[in-house]
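Colleague: Add chain B to chain A, keeping to what the hints say.
Note that the protein sequences, when read in sequence, are chains A and B. Sequential numbering from 3 applies to the first sequence in the numbering used here. Sequential numbering from 3 applies to the second sequence in the numbering used here.
It is possible that part of the hints are untrue.
Which copy is meant is left open, because identical chains are indistinguishable; a pair holds if it fits in one copy or across any two.
Once the Cα atoms are required to be at most 27 Å apart in a straight line, the calculated DSS-like pairs of lysine-lysine come out as [what the hints assert, rightly or not]:
| id | residue 1 | residue 2 |
| --- | --- | --- |
| 1 | 359 | 102 |
| 2 | 359 | 49 |
| 3 | 61 | 177 |
| 4 | 447 | 252 |
| 5 | 258 | 294 |
| 6 | 257 | 26 |
Simulated from the structure, these hints should not be mistaken for laboratory data.
Number of protein chains: 2
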Amino acid sequence: MAVFESGRFWNNHLVSPGKVMNLKEQLDCLFNPRSVAVIGASNDMMKWGFNILNILLAKGGREIYAVNKNGTEIQGLQAYRDITDVPGPVDVVVITVPFKDIPAAMKECVGKGVRAAVIISGGLSETGGEGAVIEREVLGIARRGGIRIVGPNCMGHFNAFSNVFTVPYLPPVRKGPLSLISQSGNTSQSIVHLAYDMGLGFSKYVSSGNEADLHFEDYLEYMAHDDKTEIILGYVEGLREGRRFFELAKETTKKKPVVIMKAGRTEAGARAARSHTASLAGSDTVSEAVFKQCGVIRVEEVSELVDVSLALLGQPLPRGRRVGVLSTGGGGAVMAADALMRQGLELPELSSVTMEKLNSIFSRRWSHGNPVDNGGDPFDYASLWAMMEDENTDAVLISGAAGVARNMSGWVNVPDSIGEAVDQWIEATEADELVDVTRLMELMKAYQKPAIFCNLAIPSKKIGALYKRLEQSYDIPFLTPERAARALARLVEYSEYLGIAGGRG
Amino acid sequence: MAVFESGRFWNNHLVSPGKVMNLKEQLDCLFNPRSVAVIGASNDMMKWGFNILNILLAKGGREIYAVNKNGTEIQGLQAYRDITDVPGPVDVVVITVPFKDIPAAMKECVGKGVRAAVIISGGLSETGGEGAVIEREVLGIARRGGIRIVGPNCMGHFNAFSNVFTVPYLPPVRKGPLSLISQSGNTSQSIVHLAYDMGLGFSKYVSSGNEADLHFEDYLEYMAHDDKTEIILGYVEGLREGRRFFELAKETTKKKPVVIMKAGRTEAGARAARSHTASLAGSDTVSEAVFKQCGVIRVEEVSELVDVSLALLGQPLPRGRRVGVLSTGGGGAVMAADALMRQGLELPELSSVTMEKLNSIFSRRWSHGNPVDNGGDPFDYASLWAMMEDENTDAVLISGAAGVARNMSGWVNVPDSIGEAVDQWIEATEADELVDVTRLMELMKAYQKPAIFCNLAIPSKKIGALYKRLEQSYDIPFLTPERAARALARLVEYSEYLGIAGGRG
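One chain only, chain A, in its complex shape:
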């Protein structure tokens, strides 16, 4: 893909007296540093300088240095007064000192040969005036000295695989295929939290802050090439390089999905965005058109970032808008039908072959049409095979396929004979599991159809096994049919953009 190979977007920096590094090498260093120093390291537990040093020490795996102008011992480490006092080489610094002290610190970093600086401190361009002047000064020092800057006014970064975390205020993070670029640290906390709750894991994360130096577009370019990143998530308030974003996104979405929550859609939101990251949110109509033309999956609610990820991972994109619904109860069928229709998706009639198959699988109570309600019987995989094989469906949404595991654990006074029967049943279920999951994966591939599980009440062991088998780190299906339908609609649109699905109508 020419846009990546041409070098057109590489921001080369002359590292004096070192060598020229391109963007990939610079960000490789940021995400895989041999050593990290915290400038502003602290023993005060309420300070960033305490918490960042602490998480770096907790994660381990590299040289960690504490820098503090008072030079006392910090968290058991010798504290250096100045980065230049640090004995070994320093790849990355994290700066938490007050904004007026940053220019001096940056000059010392240049002297030390630091590669990248994560500036946590706020009070710079986002406040205008003196802060903006200092931000420009810091940027000049860094540019001349070959240091790339993350932030300022940001929350740090991580690489879950190399175990480097300069962000202390996050919920637990699993390793996984998502990478997140966020123009809000605050919001990235939410996204990581939501992902954790859905069982999803991350590769890389960056809170881009004011983007004085490194822009959203730089991280996007890097993630596009990163083998460990399968889906790029973004929280955006304003893009600084619209044209570059467009060309980059257009190439990237051909090979991996880019899912973006663009905030500042309303007048009040746009005003807030201006104040937050000194960014112009721009006309939302323009943003919408741009995202559409370059295949970006735009979402409207922050939770959709993880919902779409869950639907995308390990599954084929649908070839069209026709969804077969399979439910173990009427309510799940009705709500799924409503939710899909509201998203502009279609509920086709089932083929006569499928109708025959379902008649032979279900009791006479079943709904005899799409959405399929089996009448409240336990979930039967044979009915899922029938729905997957139906020539009229492009995707299958399974609503309310409840397992019994949770219920069983609450049983009381169970006689030995029943206990034995339960053990046998669990054994048989586990043996079936692999067979069923393998079969479903074959059908997904053969028919290019995703199967979206939306099991509200009781997570089924089989569904968990399916997701594990798909080699994703998650095992939790969607909580509501509405969220599942929204995510599926975004998949269909992306598929239409890529030409895999035919266009609407």
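Modeller: Here is chain B on its own, set in the frame of chain A:
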């Protein structure tokens, strides 16, 4: 309230040779039975007759009987061949036998003087034909014998306070102020699950099934009078007594909120609803108008049932649409502003008094307007007092007010001196907590303003304490600003309906 006192809606039944019971007495008996018998009790763990008997035994607290035509021992109990063989009186029976066997069982129940029958079995009117004929026959027997029927084709019922559960397939249930009437057992599983995840608890629950005898309206009337029910939740596909519903809801919503998810909105959904509960979904435009005129809070997504409950509980209704947003980060402010605007709510300018207060509380980084972004500093309750006291706000939404508790638990290598400081800080925080929460409650009451917490990343101990203090059983704030904004908008509409808030515009 005349509609309740007139007796107009009581369905009196002559219990021969016993006394006349009104609807309240009948449902009191259903929800507080002295004894329950399972007709169709089983040792087969895959059967309802196993699981219902098992949960009844697990919960204990009353006489439980097993009835099975083969009369063997079941789960350690003597099994009776016939309900008339049971030695003691039986208030409630749960029937799980095949539909053709129900008429005979019901006749025996009449002989035994049973008060209410929960018929789990399906295959009746929802399938038409023979099933519908049998349902009418069963209804006739029950009516003549003075037995009220829940279902058929339902999932059971519970009263969390009297600890009677005839529904085995639910996530854990907390005691609490919600009661749920659901025309889908399947969907009620989801609702109970979502409520559990949000920390909400229930008083009473009923899966109304085909509503052969007891209708949604009967349960609604009962819950309206139930002191333990503060909010009535409903999942509805079709109402059988539209006029009665309207009058009942109109009176009920004056004293407690009625929140309804009405499914079958779309053509495909309505078709599915017909097949599911043999109910006519009717025109959605008509439903919408009816709900609006009787003050029912209608929600569009199943998760909103619990979101609206969370926002309603223990808080005053807002006096208008003007929302002050208070955020500890820019992203939370921008997303909240977008979400509120999209819901038709307003973000007013703050009063000059509030601006002065916030200038003195925050560092110069703050956003200097509504939405208020404090610039990333820790949450300060003084800023919340200022927002609550502002004459321009009708409600306050707090977005991203992160605590540090989770982070602290991950600390490593903390020297003793810091450990002591942490202990002191936690002690001080806990002492402050009660003061802050008491103050917030005073302000809520004084200004008739709800304060909605939407703290995505890290649940704060203070927020938990607030909710506990409000004597609700929950301690979890909203996960996303979009969900919080949607719930708040429903509160505003309800408040406008009640005349507490002025109308729109």
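Colleague: Decide, hint by hint, whether the structure agrees.
Modeller: Each hint, compared with the structure:
no., hint, in the structure
1, 359 with 102, "between (73 Å within a copy, 26 Å between copies)"
2, 359 with 49, "between (64 Å within a copy, 25 Å between copies)"
3, 61 with 177, "within (14 Å within a copy, 41 Å between copies)"
4, 447 with 252, "within (26 Å within a copy, 53 Å between copies)"
5, 258 with 294, "within (15 Å within a copy, 45 Å between copies)"
6, 257 with 26, "within (18 Å within a copy, 63 Å between copies)"
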